[in-house]
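S.K.: Protein sequence lines, in the order shown, are assigned to chains A and B. Okay, so the first sequence: first residue is 0 according to numbering that gives the first Met the number 0, each after it adds one. Okay, so the second sequence: first residue is 0 according to numbering that gives the first Met the number 0, each after it adds one.
Among the hints, erroneous ones may be present.
Straight-line Cα separation of at most 20 Å, SDA-like style, residue types lysine to any residue; simulated pairs [as the list claims (entries may be wrong)]:
(1) A:Lys418 x B:Gln349
(2) B:Lys185 x A:Gln335
(3) B:Lys119 x A:Pro100
(4) A:Lys119 x B:Pro100
(5) A:Lys422 x B:Pro350
(6) A:Lys185 x A:Ser160
(7) A:Lys68 x B:Ile98
(8) A:Lys185 x B:Glu336
(9) B:Lys418 x A:Glu359
(10) B:Lys422 x A:Gly341
(11) B:Lys125 x A:Asp96
(12) A:Lys119 x B:Phe92
(13) B:Lys105 x A:Ala101
(14) A:Lys105 x B:Lys119
(15) B:Lys422 x A:Ser344
(16) A:Lys52 x A:Glu62
(17) B:Lys367 x A:Pro412
(18) B:Lys60 x B:Lys186
(19) A:Lys418 x B:Met371
(20) A:Lys129 x A:Ala101
(21) B:Lys59 x B:Asp218
(22) A:Lys105 x B:Ala101
(23) B:Lys258 x A:Arg290
(24) A:Lys105 x A:Ser121
Read the hints as simulated data drawn from the structure, not as lab findings.
There are 2 protein chains.
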Amino acid sequence: MKFLYKGTTGLLEKNIFLAANSLREYLDLLQQTTNTNDYKIYEGSIVLPSDTKNIAEVLKKSEELRNPKLRYFVDIGIGGSNLGTKAIYDALFGFFDVIEPARMPKMLFADTSNPTHLQKLSAFLKNTIKHKDEVVVNIISKSGSTTETIANAEVVLAALSGVNEIASRVVLTTDTGSQLDAYAAKKGYSALHLPKLVGGRYSVFSTVGLLPLATIGVDIKKLTQGAVAARAMSLDTNVNSNPAILSASTLYLLGKTGKTINDNFFFHGELESLGKWYRQLMGESIGKEGRGITPTVSIGSTDLHSVAQLYYGGPKDKITTFIRADKVKKDINVPQEMIFEGLVSDISGQPLSHIMHAIEQGVAISYKNENMPYTEIILTDISEYSLGEFMQFKMIEMMFLGKLLDINTFDQPHVELYKTEMKKILAQ
Amino acid sequence: MKFLYKGTTGLLEKNIFLAANSLREYLDLLQQTTNTNDYKIYEGSIVLPSDTKNIAEVLKKSEELRNPKLRYFVDIGIGGSNLGTKAIYDALFGFFDVIEPARMPKMLFADTSNPTHLQKLSAFLKNTIKHKDEVVVNIISKSGSTTETIANAEVVLAALSGVNEIASRVVLTTDTGSQLDAYAAKKGYSALHLPKLVGGRYSVFSTVGLLPLATIGVDIKKLTQGAVAARAMSLDTNVNSNPAILSASTLYLLGKTGKTINDNFFFHGELESLGKWYRQLMGESIGKEGRGITPTVSIGSTDLHSVAQLYYGGPKDKITTFIRADKVKKDINVPQEMIFEGLVSDISGQPLSHIMHAIEQGVAISYKNENMPYTEIILTDISEYSLGEFMQFKMIEMMFLGKLLDINTFDQPHVELYKTEMKKILAQ
Numbered sequence: 000m001k002f003l004y005k006g007t008t009g010l011l012e013k014n015i016f017l018a019a020n021s022l023r024e025y026l027d028l029l030q031q032t033t034n035t036n037d038y039k040i041y042e043g044s045i046v047l048p049s050d051t052k053n054i055a056e057v058l059k060k061s062e063e064l065r066n067p068k069l070r071y072f073v074d075i076g077i078g079g080s081n082l083g084t085k086a087i088y089d090a091l092f093g094f095f096d097v098i099e100p101a102r103m104p105k106m107l108f109a110d111t112s113n114p115t116h117l118q119k120l121s122a123f124l125k126n127t128i129k130h131k132d133e134v135v136v137n138i139i140s141k142s143g144s145t146t147e148t149i150a151n152a153e154v155v156l157a158a159l160s161g162v163n164e165i166a167s168r169v170v171l172t173t174d175t176g177s178q179l180d181a182y183a184a185k186k187g188y189s190a191l192h193l194p195k196l197v198g199g200r201y202s203v204f205s206t207v208g209l210l211p212l213a214t215i216g217v218d219i220k221k222l223t224q225g226a227v228a229a230r231a232m233s234l235d236t237n238v239n240s241n242p243a244i245l246s247a248s249t250l251y252l253l254g255k256t257g258k259t260i261n262d263n264f265f266f267h268g269e270l271e272s273l274g275k276w277y278r279q280l281m282g283e284s285i286g287k288e289g290r291g292i293t294p295t296v297s298i299g300s301t302d303l304h305s306v307a308q309l310y311y312g313g314p315k316d317k318i319t320t321f322i323r324a325d326k327v328k329k330d331i332n333v334p335q336e337m338i339f340e341g342l343v344s345d346i347s348g349q350p351l352s353h354i355m356h357a358i359e360q361g362v363a364i365s366y367k368n369e370n371m372p373y374t375e376i377i378l379t380d381i382s383e384y385s386l387g388e389f390m391q392f393k394m395i396e397m398m399f400l401g402k403l404l405d406i407n408t409f410d411q412p413h414v415e416l417y418k419t420e421m422k423k424i425l426a427q
Numbered sequence: 000m001k002f003l004y005k006g007t008t009g010l011l012e013k014n015i016f017l018a019a020n021s022l023r024e025y026l027d028l029l030q031q032t033t034n035t036n037d038y039k040i041y042e043g044s045i046v047l048p049s050d051t052k053n054i055a056e057v058l059k060k061s062e063e064l065r066n067p068k069l070r071y072f073v074d075i076g077i078g079g080s081n082l083g084t085k086a087i088y089d090a091l092f093g094f095f096d097v098i099e100p101a102r103m104p105k106m107l108f109a110d111t112s113n114p115t116h117l118q119k120l121s122a123f124l125k126n127t128i129k130h131k132d133e134v135v136v137n138i139i140s141k142s143g144s145t146t147e148t149i150a151n152a153e154v155v156l157a158a159l160s161g162v163n164e165i166a167s168r169v170v171l172t173t174d175t176g177s178q179l180d181a182y183a184a185k186k187g188y189s190a191l192h193l194p195k196l197v198g199g200r201y202s203v204f205s206t207v208g209l210l211p212l213a214t215i216g217v218d219i220k221k222l223t224q225g226a227v228a229a230r231a232m233s234l235d236t237n238v239n240s241n242p243a244i245l246s247a248s249t250l251y252l253l254g255k256t257g258k259t260i261n262d263n264f265f266f267h268g269e270l271e272s273l274g275k276w277y278r279q280l281m282g283e284s285i286g287k288e289g290r291g292i293t294p295t296v297s298i299g300s301t302d303l304h305s306v307a308q309l310y311y312g313g314p315k316d317k318i319t320t321f322i323r324a325d326k327v328k329k330d331i332n333v334p335q336e337m338i339f340e341g342l343v344s345d346i347s348g349q350p351l352s353h354i355m356h357a358i359e360q361g362v363a364i365s366y367k368n369e370n371m372p373y374t375e376i377i378l379t380d381i382s383e384y385s386l387g388e389f390m391q392f393k394m395i396e397m398m399f400l401g402k403l404l405d406i407n408t409f410d411q412p413h414v415e416l417y418k419t420e421m422k423k424i425l426a427q
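With the rest of the complex left out, here is chain A (with noise of 0.2 Å):
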């Protein structure tokens, strides 16, 4: 993974130098947490990719899970329970479900209490599941109380409830002690913890999304130790080379110019799940206080056909952020005699990589002849470990992007706004 970021923010280096120096406190008590090993403070989350027994603990879990019939790995939670595990899945497979119908075990989500999804799921999973071993559903909730999550649960469970011994093919993840720990003893089902003061858009690399990608064979061994790698560039104490404290300070001195909005735009549709989860890290860590930049996700080439022209001629109240891979997974050539001959010059016979690339290129080129602020991330490839990479980098960044603000990353108070009034509706 390569962060890029000079002559492209409009930003002098020296202020750069000075945010990204005021870090070098904090960023001791990161180095300090990770060599301690344990979850005593929020920062926390940053052990989890070498927290080995958890790997190895849910690897093991996973193997008993796994077998040559499971079909479908139902995953069920929202927000930071379910965010990480999707972006990862449909970076590696999801984005490509249609077009690969025989590809399994498949990964089902169930996150908001969608009436119509639901009830299709339901009769989906009653006319196919005829054997436990077609299955896992993983029920995920770190207060154990999440409506949504118990509701689609319970809507799962009835649907399945015709399979023998489908309890043991129920996991609840969820922490220690919650109302939901209490059920796996009584009802036979399988449970796994996560430290306490792990948030949820911290959560990825802890059994959250680390036992669901395991199930379905996501190599979280290499995962993880991307995350270690990218943790090792984050905590750097030559702060002019850290890409994490860099980036935040890009972010908070641009955001200081009035820049309000930080688009995310990725050159692989594959990719958007990974923007909607840096969309919960980045709104609910640092957007609060009547402060915060509002994440946006933008894809290329779809979205320059889209919201582009708004992008150049618009306000100019963007700072963006392009992430692209270097190598794709696969590639195809353009044929070398083209049936619509002469209408598009110099694409014949190229690979459609070099096509996305000329693209990226000259988006890339044309925001710097607007004077348009922007970084680049650079990931190796789309795997699993470069995915470690940026998920880890970024979720430091935010660490640092919070302490620049002086703001709390770790709460997310607000919340409680509208379920309270849910409550009340519910309640009648």
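Assemble chain B onto chain A, guided by the hints.
M.R.: Okay, now just chain B, sitting in the frame of chain A:
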């Protein structure tokens, strides 16, 4: 469809009516356009839903293409050439495709030239399609020379080149006389056209959207009937009850008070692509001359667990449009006897639609309590008719909003900025 704004925008009624009344002259023009029934001005797109000749032609063509063997309709187009089609397909079918693997025909979209996606799509089509009747390929490019569309078309047609008489299953949708159009006769493909002055983002009710949708079984008569009904409401001379004028006026006035983001908050995940369609409509139509409002899409309740903290606690820079349907297609109850008893109050035995409604109401009340301005669009249901209503309403709203801002709503001059650079790189 209902549009609600009273008491939730923080605006004075008299200011809304002042803005609304300033649109009377333009309203006259739109009405005349509808009556003359031609396409001589850019606003001509509003004629499309009542263009019975065009609809009949599309239906005739779609009947030729439809047959019981049809499995995949490959829609190759980007931006205005596919966003409307995808919005409707995903609302009705696409969101559920993975859990309805047997439902056919399915639509497969190839918008950008994603190398991995196109390689997999190519392999899938090569392996799956044995007979021409199983597939339709629709290549949609108004100009006829969109880089990604031509590249993808070449790849897809190469994958299908072994299928007998495949030319009879290829449809080109483009401007009359474009260079692409000329290939229809040369290669034995069909060609469909759209009016010259109807731009991509206003073209969903032209051949661009209607042919793909009709061919996979969407009722385009109901779709266009909904649009005709919304057009009547949106051209109501009683501006105080004209939803398009009132919506445009509130967006305009809130925009002037410094709200820079229009968050479109859909309470049905299957409407996310509809949000993306609107994102282009607003982004390209009014994002110019340094002005514009950045459209975003949020999904309830998913994003309440993601960016709601930012919306409540962050900068108050958003105008929210809540969109929900009164009636959902399917529903399912939480079982009366819950497994996880005692974790969440008041949901046992309740339909999920009831729980979602409580969440929606909880959010609306809390927005009001926090003085966060919003309007509401309440669809009767998620059907062809309601989708037609929403889209026509929004397209006319955007024309009014452009007029209020004194901006040319129909061009997109800045997208050439990156295209010019891209072409230089491709030519190297």
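S.K.: For a C-alpha distance cap of 20 Å, please report whether B:Lys422 and A:Gly341 respect it.
M.R.: holds, 14 Å
S.K.: When you check the alpha-carbon spacing of A:Lys418 and B:Gln349, does it fall within 20 Å?
M.R.: holds, 18 Å
S.K.: A:Lys119 and B:Phe92: Cα distance at most 20 Å?
M.R.: holds, 11 Å
S.K.: For the pair we were handed, B:Lys367 and A:Pro412, check the Cα-Cα distance against 20 Å.
M.R.: It holds: about 18 Å lies between the C-alpha atoms, which stays within 20 Å.
S.K.: Between the alpha carbons of B:Lys105 and A:Ala101, is the straight-line distance 20 Å or under?
M.R.: holds, 15 Å
S.K.: Going straight from one Cα to the other, do A:Lys68 and B:Ile98 come out at no more than 20 Å?
M.R.: OK: A:Lys68 and B:Ile98 at ~18 Å, within 20 Å.
S.K.: Hinted pair, alpha-carbon criterion (20 Å max): A:Lys129, A:Ala101. Please report holds or violated.
M.R.: holds, 18 Å
S.K.: Taking only the CA atoms, is the gap from A:Lys185 to A:Ser160 under or equal to 20 Å?
M.R.: It holds: about 16 Å lies between the C-alpha atoms, which stays within 20 Å.
S.K.: Hey, B:Lys418 versus A:Glu359, does the alpha-carbon distance stay inside 20 Å?
M.R.: Holds, at about 10 Å.
S.K.: Check the hint pairing A:Lys105 with A:Ser121 against an upper bound of 20 Å on the C-alpha distance.
M.R.: holds, 16 Å
S.K.: Is the straight-line distance between the alpha-carbon of A:Lys52 and that of A:Glu62 20 Å or less?
M.R.: holds, 15 Å
S.K.: Is the hinted pair B:Lys422 and A:Ser344 satisfied, with a Cα-Cα distance of at most 20 Å?
M.R.: holds, 8 Å
Of the numbered hints given earlier, the model fails none.
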